[in-house]
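Asker: One-letter residues, chain by chain:
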Amino acid sequence: MKRNRGICSIRVVLFVILAGCFACKTGWCDELDRFSALEGTLDIAGGTAHIPVMKDAAEKIMAKNPKIRITIAGGGSGVGVQKVGEGLVHIGNTGRPLTAAEIEKYGLKSFAFAIDGVAVAVNPKNSVNALTSDQVKDIFAGKITNWKDVGGADAPIHLFTRDEASGTREVFWEKLLKKGPIISAANVVPSNGAMKVALSQDTLAIGYLGIGHVDSTVKAIKLDGADPSQENASSGAYKVTRKLYMNTKGEPSPLSKAFIDYILGSAGQEIVKKHGYIPSQ
Amino acid sequence: MRNLTHNRESRKWLESLIELMLLFSGLISSLVMLAIFVFLVYFTMPIIARGDLLNLMSWNWRPLAGQYGILPMAIGSLFLAVSATLAAYPLGLGICCFIHSLGLRSVARFVLVIIDFMTSVPTVVYGFVSAFLLVPTLRQCFEHGTGFSWFAASVTLTVLVLPTIVLVIHTQLRQLGSESRLTAIALGISPAQTLLWVILPQASRGLVAAALLGFGRALGDTIVSLMVAGNAPQVPHSILDSIRTLTAHIALVVATDVHSATYHSLFLSGLILVTISAMVNASIRWIAGKSGAG
Amino acid sequence: MVRVSERLFVAAAWLSTLMTLAVVGIFVGSLLYRGLGTLGTSLLFGNVPIINALIGKLPVWHGIWPAIVGTLFLVLLSSTMAIPLGLASGIYFAEYAEGRWKDLLSFAVDLLAGTPSIIMGLFGFSLILFLRKAILPGANVCLLLAALCLALLVLPYMVRTTQVALESLPESTRLVGPSLGLTRWENIRHVLLPASSRALLSGVILSVGRAAEDTAVILLTGVVANAGLPASLTDKFEALPFTIYYLAAEYRTPEELDRGFGSALLLLVITVSLFVAARMLQGAFQREWQ
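Sequence order for the protein chains is D, Y and G. According to my numbering, the first sequence is numbered sequentially starting from 1. According to my numbering, the second sequence is numbered sequentially starting from 1. According to my numbering, the third sequence is numbered sequentially starting from 1.
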């Protein structure tokens, strides 16, 4: 019985592959066809900047391939490294490059798929439009605590930061704060999405998030005169940038590989663009 | 005749077998606690072995700078649980007094139904409503802070632990009330007087147990503090400051490198929590034990 | 003097009651106000046709149906683990254990009841890491693990309600069995358990409610933001309490926020209905025996 089913599924797979080839020849070849011979579960976790892209891609893949199941969790880059390193998920996302120690310890392999800037952002109602990096440094170090000191209204500054698992925090801390302190009184939110929600609700808030997450509910601030747009991030005019990575433990499994190829392929890179990131390919 | 003896034999055998199985289940249920405790200690050991204990028992949480102090979180947990209990306790006591002999009978019954209803509200729903109702209100009303604060979490937890406190006190008052009511009527004193001068002084054990149970419940909560307390790892200077509890700390940093001090700090946090809740439970038991003797 | 303090006392009692009622009123009112309008098929299934979503033909991405099914699975699984064990332990504590031994064991159960739920989650999470290293390299956080940890959470409730139900039966009922020549177990099986069945069932329902609402445990044991319907016991899953927590922190659009309110209202309705059912059974039990 079991054997029968095995043969049967091989037949189906062969048929699907043949059909796929045929489809390619006849011209409606689709990026999604690479999944047609595959089945199983793909677990993704980690960087929260990645989630919109991952979710959109997964939705498209699963709609066409009911045998594939993709689960998506956030947590931050640290979570991505730990989970993929310990083998708890297949793809662990990070919003920062892996450290040498991480690569060596877990044998991880990285695939960069997008470029994203990290923007300092405030509530749209805030009159402050531009800050220098020194001002931002002082704000996060707790030296400047009132908006009037940076050209805004006379009101206290509400600081929001990310947890230590965050790659966004690490990039922000290294490239903008130059490893300067962040005072412990700052509120901690666990994801890029939560940062956006927090900033959009609080008129006196300041925080930082991936440019891909910036929309009309928050205002990204000009930093040292450079507009934090993805164009400036890719041209190098805006300095606080990072790549977004997918990481696997060793060589990716066929399903992980198909997923990574899909994201790196033309359809996937379209998705990347759609969500406000700069395609890396 | 022989058949009967045989039957009795097998019944006896079955009887012992069942008792053994029940004993076994009882043992498992009790040993789970021991297992949890042992595992927490086991994972805390590397900290001591590495000499990191002092580092963890310090006042700064800056993992990037190699400082892993969890004392601010311990203080956060303690402050939050104490403040929520302090706020809920008089409220709960007032409600119990209302239910017992002050308010109208039908109204009292209605209040009890509401309290019962409160026990069934999911914690995450309290957290959700609080995050979208209480936090923005606080932000607008006060100059200081973002709304995500000790105060917001404290108010929410007050609502969360209130039914626990009310139900414990209520049970005790009901037992005492039925004993004293007739005496009071015979003496011709009002229900309020009876409650204030006769019943409450006798109810001290239940009153203390209620406070302890409420405290334990507030201490053990994760979701409310994670959602509305702001999670800043600091000792608060004002009730409007953001705080992080040990429980929220575990939820926030559970996924880190499993060989790092950050990771092991979780188990120390867990151990502290379990130890405090064990002490609370032991006190409740001690009080109950005294009541049995007295 | 006495009069004044009494007046104050009465006033305080009224004040605290009214305040609490007001808070509950505002709480329920705001949830209904924001949540009621969102209840509907699109809250559950998003843009997927209902039939396709129900049979799992198409994955639901913009609705909470997978989370509801996930929670249902969690509750069923954890109940299957916790209820038999809890019942058996409760019977043991009520009818067999004695003296210091009973005190010791039931203290351990009390401690378990008082343990913060996140500890169960932490326990489960590190258990998996340990298993992977030691015996089972394929072990992973999953539905089964989350259910196991939830079972640990509700086990003490189950033990307690069983024990209390049996112990609160009147002496006259307990003596029925022995007077008919029944053995201890036969008396429990044929007299005491049937007599307390309603209270036992109410305990079961309360445990189910507890398992359905807890967020902290599943947070660490395999819940994810998007997974679709649970595919197997060893897969990651969605669950309703986590969905509420997740949407509160990171809704991306006003629709997602509405979905959060809808989910919160729905979870409240589920737990309250369970609770009401449990209370009614308990009431019936008490009327019968007390």
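Please keep in mind that the hints were generated in silico from the structure rather than gathered at the bench. It is possible that some hints are incorrect.
What the hints assert, rightly or not - Here are the computed lysine to any residue pairs in the SDA-like style, where the Cα-Cα straight-line distance is at most 25 Å:
id : chain 1 : residue 1 : chain 2 : residue 2
1  : D       : Lys-64    : G       : Asn-52
2  : D       : Lys-137   : Y       : Ser-283
3  : D       : Lys-143   : Y       : Trp-59
4  : Y       : Lys-12    : G       : Ile-68
5  : D       : Lys-67    : G       : Ile-68
6  : D       : Lys-273   : D       : Ala-63
7  : D       : Lys-105   : Y       : Gln-175
8  : G       : Lys-133   : D       : Thr-145
9  : D       : Lys-125   : Y       : Ser-283
10 : D       : Lys-274   : G       : Asn-47
11 : G       : Lys-102   : Y       : Arg-62
12 : D       : Lys-273   : G       : Ile-55
13 : D       : Lys-64    : G       : Leu-182
14 : D       : Lys-148   : Y       : Phe-132
15 : G       : Lys-102   : Y       : Ser-283
Claimed, not checked - Some, not all, of what chain G presents toward chain D, calculated at C-beta under 10 Å:
id : residue
16 : Ala-134
17 : Glu-255
18 : Met-280
19 : Gly-283
Glycine included, C-beta positions come from ideal geometry on N, C-alpha and C.
Asker: Evaluate each hint against the coordinates.
Answerer: Comparing the hints with the structure gives:
With a C-alpha separation of about 14 Å, the suggested pair Lys-64/D and Asn-52/G falls inside the 25 Å cut-off, and the hint holds. A threshold of 25 Å between alpha carbons decides the hint, and for Lys-137/D with Ser-283/Y the separation of about 49 Å lies outside it, so the pair is violated. Among the hinted pairs, Lys-143/D with Trp-59/Y is consistent with the structure: their alpha-carbon atoms are about 21 Å apart, no more than 25 Å. Distance check on the hinted pair: Lys-12/Y and Ile-68/G sit about 47 Å apart at the alpha-carbon level, beyond 25 Å; violated.
Distance restraint check for Lys-67/D and Ile-68/G: the Cα-Cα separation of roughly 21 Å lies within the 25 Å cut-off, and the hinted pair is therefore satisfied. Between the alpha carbons of Lys-273/D and Ala-63/D the distance comes to roughly 21 Å, so the proposed pair stays at or under 25 Å and holds. The hinted pair formed by Lys-105/D and Gln-175/Y fails the criterion: a straight-line CA distance of about 63 Å is larger than 25 Å. At most 25 Å may separate the alpha-carbon atoms for a hinted pair to count; Lys-133/G and Thr-145/D exceed this at roughly 48 Å.
For the hint pairing Lys-125/D with Ser-283/Y, the CA-to-CA distance comes to about 53 Å; that exceeds 25 Å, so the pair is violated. Distance check on the hinted pair: Lys-274/D and Asn-47/G sit about 20 Å apart at the alpha-carbon level, within 25 Å; holds. Using a Cα cut-off of 25 Å, the hinted pair Lys-102/G and Arg-62/Y is violated, with the two alpha carbons roughly 46 Å apart. A hinted pair counts as satisfied when its Cα atoms are at most 25 Å apart, and Lys-273/D with Ile-55/G does not qualify at roughly 34 Å.
For the hint pairing Lys-64/D with Leu-182/G, the CA-to-CA distance comes to about 64 Å; that exceeds 25 Å, so the pair is violated. Restraint check for Lys-148/D and Phe-132/Y: not satisfied, since their Cα atoms lie roughly 28 Å apart, outside the 25 Å limit. For the suggested pair Lys-102/G and Ser-283/Y, the alpha carbons sit about 18 Å apart, so the restraint of at most 25 Å is met. About 13 Å separates the beta-carbon of Ala-134/G from the nearest beta-carbon of chain D, more than 10 Å, and the hint is not met.
At a threshold of 10 Å, the smallest CB-CB gap from Glu-255/G to chain D is about 14 Å, leaving the interface hint violated. Below 10 Å, beta-carbon pairs count as interface contacts, and Met-280/G has none with chain D, the closest being about 39 Å; its hint is therefore violated. For Gly-283/G, the interface hint is violated, since its Cβ never comes within 10 Å of a Cβ in chain D; the closest pair sits about 43 Å apart.
Comparing the model with each numbered hint stated earlier shows that hints 2, 4, 7, 8, 9, 11, 12, 13, 14, 16, 17, 18 and 19 do not hold.
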